[in-house]
Amino acid sequence: MGGQLDLHSEPGEGTTFFFTIDFEEIETLNESVRGTFSSINALVLESTHKTKRQDTYLREYLDFYGVSYTSFKDLNDLEALQRQVNYDLVIVDYDYADEDSLNHYSSLHQELILLTKSYFMKKIDSMNLEIFKTLYEPLNNSKLRQTLDNIHSENFSAKRAKKINRKKFNAETSRFNANVLIAEDNIINQKLIKRTLEDLGLTITIASNGLEAFQKRKDGNFDLIFMDIQMPFLDGMEATKEILEYEEDYNQPHVPILALTANALKGDRERFIEAGLDEYTTKPLVRSEIISLLNHFLADYIVDTDTNVESTLTKEPETKTQTEIEMPLEIEPEAEIEVPLEIEPEATYQIDILIAKKSVFEAKFFAKILDQMHYTYEIATTVKDIEEKINMNMYNVVLLDKECEGLNLAKFSALLKQNSAKVGLDSKLILITDPSMPEEISDADYADESVKNTLSKDLLRLLIEKFI
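Residue numbers (the working numbering): 32 to 499.
The set of hints was computed from the structure by calculation and includes no laboratory data.
By construction, the Cβ of each residue, glycine as well, lies at the ideal position given by its N, Cα and C atoms.
Wrong hints could be hidden among the right ones.
Here are the computed lysine to aspartate or glutamate pairs in the DMTMM-like style, where the Cα-Cα straight-line distance is at most 20 Å [claimed, not checked]: (1) K442 - E480; (2) K153 - E436; (3) K314 - D299; (4) K399 - D131; (5) K222 - E203; (6) K249 - E436; (7) K154 - D129; (8) K314 - D331; (9) K83 - E305; (10) K395 - E276; (11) K433 - D474; (12) K272 - E229; (13) K148 - E161; (14) K83 - D53; (15) K222 - D180; (16) K153 - D180; (17) K199 - D180; (18) K389 - D53.
Derived DEER-like restraints, expressed as beta-carbon distance ranges [to be verified]: (19) E44 - K399: 30 to 36 Å; (20) F54 - Q283: 29 to 35 Å; (21) A475 - D402: 42 to 48 Å; (22) F392 - E41: 35 to 41 Å.
Given these sequences and hints, build the entire structure.
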């Protein structure tokens, strides 16, 4: 996490351990969205013979968002309450209802939100219920907030006045008009999955590891994510955890995440769902199973081919890549390279590695790996901070993100070499580049190694051991 642990010890007295760590400051949840949905009235089915911890979480979320809710235990309770107040929705846990009562809840003019385990997905689909939203356990803040937001939207009154049957995909007459992120490290699998989903009309963006998937989710606008479980850097479970935390911390709508796994073992589904994934499927993809999943998660994105095919085919992903936001500065060969004439007096000690990354999250992830390898390191995330550290300290290796804003690679390389040479060191520069950008031949003039930002833990270890 990029922290620094230290201690103070006195013989016969004891030892005090302490640490410093930097955290990103975010807007507090309490100040930003508390009471957002106070205009919504809900009915919540309560079990008469069993309770679940999720019941407590649900009520805490509803209280926080200001939803006015009333519990009911059976259909008689429900009918009595409906005569007293106009309710907007009914929240039902599948474990607390039988098939007959579910059909009754589905027929109500209030919208039905169904809480269930993904295990029952196919059975629920076969019942053809009118469900506004199915939320798969475990229930979390971002899932519920997105649902409440949809109910609260300006189109809700029209939906309530006349329920619209959810579309089903038909290969001859419809397609899915949505953006999908695929997190998969195997190039062959990437191509196969991409082709399968594009044939169904989807616009595809590829991430080659969990870390890249997390960054693309932060920077892009996606309707669904396919997440491979076994990937370098962050695996699928770790990436999902980071995405869910990001959605909750920054009040972002939940994007459903479907696990991809080559080995479907007993208990995998439960393990994935418990980790926060919404569903899973096996590789290689089975078209019928994929369509079933897409029908469930992307029903609102099904369009008729005859009227929407043109706009669907020309739709571009809304992913904002780093290269769209900021382009690297061009280096003019004629420009003079200014370097300090002398090194600050404090530059008297050596640290193994400087992690110079634009993203704080990525920097901390590199730091975690270096901790495991028992290397000393420092972190810098801006060009100014990087140059200050180079002038103050000596490093064996610098891991430099080429996408750092305002970076002049030629100037930095000259500064590093001149400073390290003055104290008898030969500092090495490892340049980390955007995997979506072509390699530049000139990089070899300034860096000792150049690697894509998708390198694995093992490759990082080999690179560092090569120079230290």
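Right, here's what the structure says about each hint:
1. K442 - E480: holds, 17 Å
2. K153 - E436: violated, 49 Å
3. K314 - D299: holds, 14 Å
4. K399 - D131: violated, 53 Å
5. K222 - E203: violated, 24 Å
6. K249 - E436: Measuring from Cα to Cα gives roughly 18 Å; hence the hint holds.
7. K154 - D129: holds, 12 Å
8. K314 - D331: Violated - the C-alpha atoms of D331 and K314 are around 26 Å apart, more than 20 Å.
9. K83 - E305: Within the cut-off at roughly 15 Å; holds.
10. K395 - E276: Answer holds: K395 to E276 is near 16 Å, not above 20 Å.
11. K433 - D474: Holds, because 10 Å separates the two Cα atoms, which is no more than 20 Å.
12. K272 - E229: violated, 27 Å
13. K148 - E161: holds, 18 Å
14. K83 - D53: violated, 37 Å
15. K222 - D180: violated, 35 Å
16. K153 - D180: violated, 26 Å
17. K199 - D180: violated, 24 Å
18. K389 - D53: holds, 15 Å
19. E44 - K399: 30 to 36 Å: Once the Cβ atoms are compared, 33 Å apart, the range 30 to 36 Å for K399 and E44 holds.
20. F54 - Q283: 29 to 35 Å: At roughly 19 Å between Cβ atoms, Q283 and F54 fall outside 29 to 35 Å, so the hint is violated.
21. A475 - D402: 42 to 48 Å: With Cβ atoms ~30 Å apart, the hint is violated.
22. F392 - E41: 35 to 41 Å: Holds, at about 38 Å.
In this structure, the earlier hints numbered 2, 4, 5, 8, 12, 14, 15, 16, 17, 20, 21 are contradicted, and the remaining ones agree with it.
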